[in-house]
Amino acid sequence: MALDQSVSRRRLLQLIGGATVAATAAGTLTACGGGSGSSSSGGTLKVIGAGSQEAGLRKALDDYKKANGGFDFNLSFSPADQLQTALRAQLAAGNAPDLHAVYPGNGSAMSMVQLSKANLLADLSDQSWTQKIPTGFKGAFQQDGKTFIFSPGTSVLGAIYNKKAFATAGVEVPTTWSELLAVCDKLKKKGIVPIALGAQTPWVTQLIDYALVPGTVYAKTPDFDDKMTAGNASFADSGWADAMDKYLELQKKGFFNDNPNGTTYEQATSMVGTGKAAMAVQVSAVLQAFREASPTPDDLGMFPFPATDVAADNWIPGGVVVGIAISAKSKKAEQAKKFIEYCGQPETVNAWAEAVACVPLYSDGDAKVDPVLKPFLPYLKDNKAVPFMDQRWPNAEVQPTHFAVVQELLGGKSTVPAALKKMDEAYRKSA
Amino acid sequence: MTITAQAVRRDAVKAPRRRGAMVAPPWLFAVPALLVYAFVVLYPALSGAGSAFTDWSGVGEQRSFVGVDNFKQLFHDDQALGALRNTLMLTVAIVVVQNGLGLLLALGVHTRIKTRMALRVIFFAPVVVSPVMVSFLWKYVYNPSPDAGLNAVLGAVGLGGLRQDWLGNPSLAIWSVAFTVIWQCAGYSMVIFLAGLEGVPAELLESAMVDGAGTMARFRHITWPLLAPAVTINVMLSTVGGLTLFTQIIAMTNGGPGYATDTLSTVLYKQAFVFGKFGYSTAVALVLAIFVAAVSFIQIGYLRSRETAA
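Heads up: the sequence lines are chains A and B, in that order.
Taken in order, the first sequence gives residues 1 to 431; the numbers are from my numbering.
Taken in order, the second sequence gives residues 1 to 310; the numbers are from my numbering.
Hint data in this document are derived by calculation from the structure and do not stem from the laboratory.
Don't take each hint at face value.
To be verified - Dumping the calculated DSS-like pairs for lysine-lysine here, alpha-carbon to alpha-carbon at most 25 Å: (1) B:K72 to A:K421; (2) B:K139 to A:K429; (3) B:K139 to A:K276; (4) A:K421 to A:K252; (5) A:K66 to A:K338; (6) A:K227 to A:K186; (7) A:K413 to B:K114; (8) A:K227 to A:K429; (9) A:K413 to A:K246.
Said to hold, decoys possible - Pairwise CB distance ranges, derived in the manner of DEER restraints: (10) B:V92 to A:T175: 49 to 59 Å; (11) B:L119 to A:N119: 56 to 66 Å; (12) B:A45 to A:K331: 24 to 34 Å.
This one's a predicted model, so the numbers in the text were calculated from it and none came from an experiment.
Cβ coordinates follow ideal geometry from the N, Cα and C atoms, glycine included.
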């Protein structure tokens, strides 16, 4: 027994020694490989993008690589929830990727304002494309007059609907709130879930409010955000209360699937794709996911989700989509800047925007826009589009609070005034 | 009994000689290990604790000293207090049910039934699966649709009336999560209880049986007192596990619906990485660590005294 033990202990030490040598050797080899690789290719750019932008970003990188021999990249993607955490942890640890996803404007821990205030983003102001950013969108790209992110354009938020399901129930696209309720009623009577809601996935909870407040708040008070900043307005005493009441009205009338709090985004997507549900309130950036979930993708369309009975008051939410920025600490910043300069060319902007079904930031001549988005274009032209609400919120706490209170409302655990009070409290906390 | 006594006497004779012959190992040997420990564990922990007294956002260089403000805020934070309540409810449920079930399973597979080895493997199997995998698996089981997962099973056996929105109902979600944890970890408690049961001398049980003690009496007066060390370990481990529960919650409910399943661990994670309040998050972490340590010390003190009494 004793002999066994000593032998096994010696053997163990040998093994450990062996393992150490092997590990060291492997380390050296990797280092060599990495070194030679980078010297031959001029370095590999590390890129982490947002999942919703994959098609566009990948295309831009591939095209740029084809045109520039020495350029190479290592691209990975993160879904929205993980951008907030995994990528932020890398930023905190000081090993951020060279290029990474950043949300436009303010309002989240991974937003342009919050990160640029912490000096984590490289200044892009000297690039020529930054001159073409439309005035109304400057707040999404710029902080203190400096541009920190690139984004290919704007996505709109409305109802993604299944035309077949609408035809089965014999209903047309609604243009007012009352028409919407009538449509939902007819769909329900046909045994089709009118609106699929996957509220277990936190970010989905906000979308119906976002679709409604442009009509209930901003059409009457276009400077609502400025009033909020100045402390002259609150969520509780605004059209936000109407929006939330309407949200709950849809639930009370049985126009959502059963148990929205237990249903995920993926489940809701497949319900609309397969025609089990007729529509879902969503951003146009996820159209691709709905198309993939549908056996007949051409049956999917989009329309502005009407918030009021006055057609002129039905504004739409349309915001700059998640962009990319260069880490201030990147050692390959020059290379990354050249790539962003390339992204800013109108052709690249157009190609990227088309790949992710968004409206290009600017274009030379007529932009190619996904035909599904056509119903939204007049609103953008008439300045009846409001950026996604969180882009003007002063800290990263309001948005998650909004997620939580909507789940509480859907679960019958809160009231609209109590929910808005919590959001007001979160808003008043310092940045 | 006799054998045990002899063994003890033999040890008593041998021990002093062995101890005298051995030279105490110099502390110097521990230095490399201590250095690594200090570098990997102590330094980050202590430097992190310093952040609890600042308003650091988690990224960038800006931070200023705010004294004990973060701690004051903690005791007025409804979300943190709600999370504390959830954490305690989860811990009590997990400690009681997981260990109760573990003990029953251990007693079951400690008998002479033919399939006992296979059963041991089956009951222990969930323990070796990653908690994230288990959580996603159970998310499927808890699908609220009436024709999927657990609800479909309930419908198939004529219990359709018991169908629930397992993770979406704010009053039910926390218990659904607790059940998943118990399902996964009961096998772990079972193994520890099994080890304890193997240590109960057969002769004691036999002589009790000869004296006419029934199954219950033998369990109560012999097996249970001798299981005291296993109880100590199991209760300690499940308490610490319950108080620091994180993975299953993030993977299954992300603390929702609303705040219904937030625990102290998920709150401190959200404060740091979602709200960008690293300083406050560290304060929550510090309080959690002290709380867990205090509970553990009190528990171990009580359970050890129970072991000696037994």
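Hints violated by the structure (listed by number, smallest first) | Hints 2, 6, 7 not satisfied by this model.
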